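Colleague: Following the hints, complete the assembly by docking chain L onto the known chain A.
Order-wise, the sequence lines are chains A and L.
Going letter by letter, the first sequence gives residues 1061 to 1540 in the numbering used here.
Going letter by letter, the second sequence gives residues 1061 to 1540 in the numbering used here.
A hint or two may mislead.
If chains are identical, the list can't say which one is meant, so a pair holds when it fits in one copy or spans any two.
[Claimed, not checked] Think about it this way: if two alpha-carbon atoms lie no more than 25 Å apart in a straight line, the pair counts; the simulated DMTMM-like pairs of lysine to aspartate or glutamate are:
| hint | residue 1 | residue 2 |
| --- | --- | --- |
| 1 | K1273 | E1462 |
| 2 | K1489 | D1521 |
| 3 | K1132 | E1463 |
| 4 | K1537 | E1524 |
| 5 | K1132 | D1291 |
| 6 | K1484 | E1303 |
| 7 | K1100 | E1488 |
| 8 | K1537 | E1478 |
| 9 | K1204 | E1095 |
| 10 | K1195 | E1207 |
| 11 | K1096 | E1293 |
| 12 | K1537 | E1523 |
| 13 | K1537 | E1338 |
| 14 | K1284 | D1306 |
| 15 | K1199 | D1186 |
| 16 | K1484 | D1301 |
| 17 | K1489 | E1222 |
Please keep in mind that the hints were generated in silico from the structure rather than gathered at the bench.
Just so you know, these numbers come straight off a predicted model, no measurement behind them.
Number of protein chains: 2
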Amino acid sequence: MITYSFEDRKGQSLQEYLYEHVRADIISGKLRPGEKLPSKRAFASNNGISVVTVENAYGQLQAEGYIFSRPKSGFYVSDIGEDLIPERMERTGVRKSADRILPEEENEERGRRFRYNLVSNSTAPDNFPFGTWAKVMRKTLTEKAGELLKTPPTGGVPELREAIAEHLREFRGIDVSPAQVIIGAGTEYLYSLIVQLLGRSSIYGLENPGPPKIRNIYRSLGIKTVMYEMDQEGILPVEGDMERADIIQISPSHQFPRGIVTSAGRRLALLKWATLRENRYIIEDDYDSEFRLQGRPIEALFSMDREDRVIYVNTFTKSLTSTIRISYMVLPPLLLERFRRELGFYSCTVSNFEQYALAEFIAGGFFEKHINRMRKHYRILRDRLIRELKSGSLGGRISISEEDSGLHFLMRVDGSQEDRELRKLAEEKGIRISFLTDYLVEGSDPEPYRNVAVVNYSGLDGEETAEVANLLADAWKRDK
Amino acid sequence: MITYSFEDRKGQSLQEYLYEHVRADIISGKLRPGEKLPSKRAFASNNGISVVTVENAYGQLQAEGYIFSRPKSGFYVSDIGEDLIPERMERTGVRKSADRILPEEENEERGRRFRYNLVSNSTAPDNFPFGTWAKVMRKTLTEKAGELLKTPPTGGVPELREAIAEHLREFRGIDVSPAQVIIGAGTEYLYSLIVQLLGRSSIYGLENPGPPKIRNIYRSLGIKTVMYEMDQEGILPVEGDMERADIIQISPSHQFPRGIVTSAGRRLALLKWATLRENRYIIEDDYDSEFRLQGRPIEALFSMDREDRVIYVNTFTKSLTSTIRISYMVLPPLLLERFRRELGFYSCTVSNFEQYALAEFIAGGFFEKHINRMRKHYRILRDRLIRELKSGSLGGRISISEEDSGLHFLMRVDGSQEDRELRKLAEEKGIRISFLTDYLVEGSDPEPYRNVAVVNYSGLDGEETAEVANLLADAWKRDK
Chain A
1061 MITYSFEDRK GQSLQEYLYE HVRADIISGK LRPGEKLPSK RAFASNNGIS VVTVENAYGQ
1121 LQAEGYIFSR PKSGFYVSDI GEDLIPERME RTGVRKSADR ILPEEENEER GRRFRYNLVS
1181 NSTAPDNFPF GTWAKVMRKT LTEKAGELLK TPPTGGVPEL REAIAEHLRE FRGIDVSPAQ
1241 VIIGAGTEYL YSLIVQLLGR SSIYGLENPG PPKIRNIYRS LGIKTVMYEM DQEGILPVEG
1301 DMERADIIQI SPSHQFPRGI VTSAGRRLAL LKWATLRENR YIIEDDYDSE FRLQGRPIEA
1361 LFSMDREDRV IYVNTFTKSL TSTIRISYMV LPPLLLERFR RELGFYSCTV SNFEQYALAE
1421 FIAGGFFEKH INRMRKHYRI LRDRLIRELK SGSLGGRISI SEEDSGLHFL MRVDGSQEDR
1481 ELRKLAEEKG IRISFLTDYL VEGSDPEPYR NVAVVNYSGL DGEETAEVAN LLADAWKRDK
Chain L
1061 MITYSFEDRK GQSLQEYLYE HVRADIISGK LRPGEKLPSK RAFASNNGIS VVTVENAYGQ
1121 LQAEGYIFSR PKSGFYVSDI GEDLIPERME RTGVRKSADR ILPEEENEER GRRFRYNLVS
1181 NSTAPDNFPF GTWAKVMRKT LTEKAGELLK TPPTGGVPEL REAIAEHLRE FRGIDVSPAQ
1241 VIIGAGTEYL YSLIVQLLGR SSIYGLENPG PPKIRNIYRS LGIKTVMYEM DQEGILPVEG
1301 DMERADIIQI SPSHQFPRGI VTSAGRRLAL LKWATLRENR YIIEDDYDSE FRLQGRPIEA
1361 LFSMDREDRV IYVNTFTKSL TSTIRISYMV LPPLLLERFR RELGFYSCTV SNFEQYALAE
1421 FIAGGFFEKH INRMRKHYRI LRDRLIRELK SGSLGGRISI SEEDSGLHFL MRVDGSQEDR
1481 ELRKLAEEKG IRISFLTDYL VEGSDPEPYR NVAVVNYSGL DGEETAEVAN LLADAWKRDK
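With the rest of the complex left out, here is chain A (with noise of 0.2 Å):
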């Protein structure tokens, strides 16, 4: 008869402490398998322990499988196959402690260590209007909290779709149905929702240079793509080139790192290219429209398009904050019904509390208040930056480009200093920065693209600029 003795099982019930030492002994052979274990009755008066004890321990090994029971005979050690049992496995079933494992970096860490970070382009977060945020969240909690426990469609709850599509209507020329806009954690789930949408044979073409990060994204997804070179209207449509892609991603609206507008010759181009084979598509990531500093915003290429051939994609983890994760796709007709047969088994995957607050924040017109207020903050803070780059020893040597739209504009630097040296130096005098060449594809022609910093400023502090302008012309001075 199995006896324990119960006196070194610490904090452990009964019921725990027998079921882990029988366990243990079925897994060390102890026990083995056919035997047959004591009745309920008798092991319990032979330890001392209540019936009901050894009912529940004996439950659970039956549960899990450890022991089986025949009627009217009692309660017998299954064959868990004890050759099956690796060697490295620890008889008490306790998993080590996985404490040796490391938190990650997070993500800043790199930028960090330097005392300006022109990198970047996540605006700082004192300019998030907080306050409103908080005050809408709260509304949000006390009025909508029927609302708040529904399972929306896949696309998102309608309220945030339908101030979505008010908002494209009246700020972006866009106008689509509020049905057409799908809400999604994040451009880069989009990207993987396009993907399942569009079909994984599709080869993409993007824009070189252009983001790493989408292009590790397509990398992830197991997508096949072919880069495209631009001239200053945007993607060369080269005879032939064309060809080898069948959905081409771009930034019409202002391209990075480039800021590249692309003309109305090449949009009209691109969507004449695009109706030439059934599965041609355009996806038009617009993902900083919203913070073109001169004129209007430049016309969305979804709505020059007639021929149901553009995803269009924004986000307002820009226009926000990076840490609210809502972006949106809107899709052209025939897709979206395509979208809802075959991807409408997917749950929305943002938490209705934060679509509903985001809904109330763009429908009582704080979202347009505060897109206008960071225009007006990041006109400031470039021309003041460009103004103190171009009043110091640098000026003479430097030329701004594409300065109008977005959160950066390009330097030219001129001299022989490589930009690999140009970096070292701004980086001794705490300043990360960036090259267009930092952006090209592996195995590019860097030639063309030399001696240009990408100036993300959008993360500057408006008393920051003098001394940024400073630190680069002291470290890019000529005579060292």
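Modeller: Just chain L now, kept in the frame of chain A:
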């Protein structure tokens, strides 16, 4: 000289009106490529508007590539390739309204046609502790203002990962470092990450019958799957058969819909199987282990693994409410390294705010309290429904099984009626119900699974069990 009336401009500004009309004239060919536009000054005085207005309109047209400037000469119409303009393109440049698109049917609509839904295993919204959740959210807004705007690592905010690791240790016997916990916007999204992590060429083995959604996800992700039959202990490891898959996805604590707990022997066999080849892994979907109603939780397969072959997946979507989209996976150390290296460029898909709120909800003990309350609630609900089914006229014809864990049980219905017929009869009484045969992959032999209803009772109200039992008895009485 071009002249516009400016009378029909309605709410438009002069500048907008001018921009749109010149643009329309270029698209329509009224203004030809290469044609010189009037000077800003002349145009202004001719139309009775200010020079600044013309300047701004020209600026916009130039930015979009409709016109170009020649230094010291003036503005000219660009060649936008007239032959490229799609025939269907409306010349006003304003897109037709998309009002014809209907909103999708809402997810629950099919369910709403019925008085009682025994198919969805979503919890009744009334059971969600909304008051506590709202309090925690308000607290988060007040106390975490700074953290809410800081970009977290790919895996999520540290506080939530710590709270989950602590919860797993205390209530699930899983001992892991918080760094191994990866937060994502729903299990569906996590699957897509797992596919990217383990490689697209792997073949996934799934349980048959099983949730159709999982099959849909893998199909949509372009992944090859094979199906495995089960006996009462779990997947049958038939010789040779196990060679067909590289990854096995199972719910060892509670298979859906069969309710099977994978036995200890099978678990060890699966772990052994995984170690025999380099790229073999097991995905453990522990989707409703919190709701095991009898005894303590079944041991997680993850805890038995000593070879870094098991990925553990769980969700708060089932245990809290389906509208909070937070799930997580726990990666074994070796896969965690690969995850950081290959997928560390992704942003976390859950907004900071809900991550902090959930962290507080768990750390404050509210989650545990909620789970305990719900377990009690479900136990009472299940007991009532079973008692009422057994005591009614159906009593002699049904046998209930797999009622101890999770939020559904199986009910075999004796008789000659086919599942199809039983379903129709139930639906006529306003009850939506599914059968084991509904969860089989196409082409399976339905014979062994016939006449077993899958009863998801979690969405019922305590007061409704009697009526549901009566209606079913009425629907399925023999002599109609």
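Colleague: Please write out, lowest number first, the hints stated earlier that are contradicted by the structure.
Modeller: Hints 6, 7, 9, 13, 16 and 17 are the ones this structure does not satisfy, whereas the remaining hints hold.
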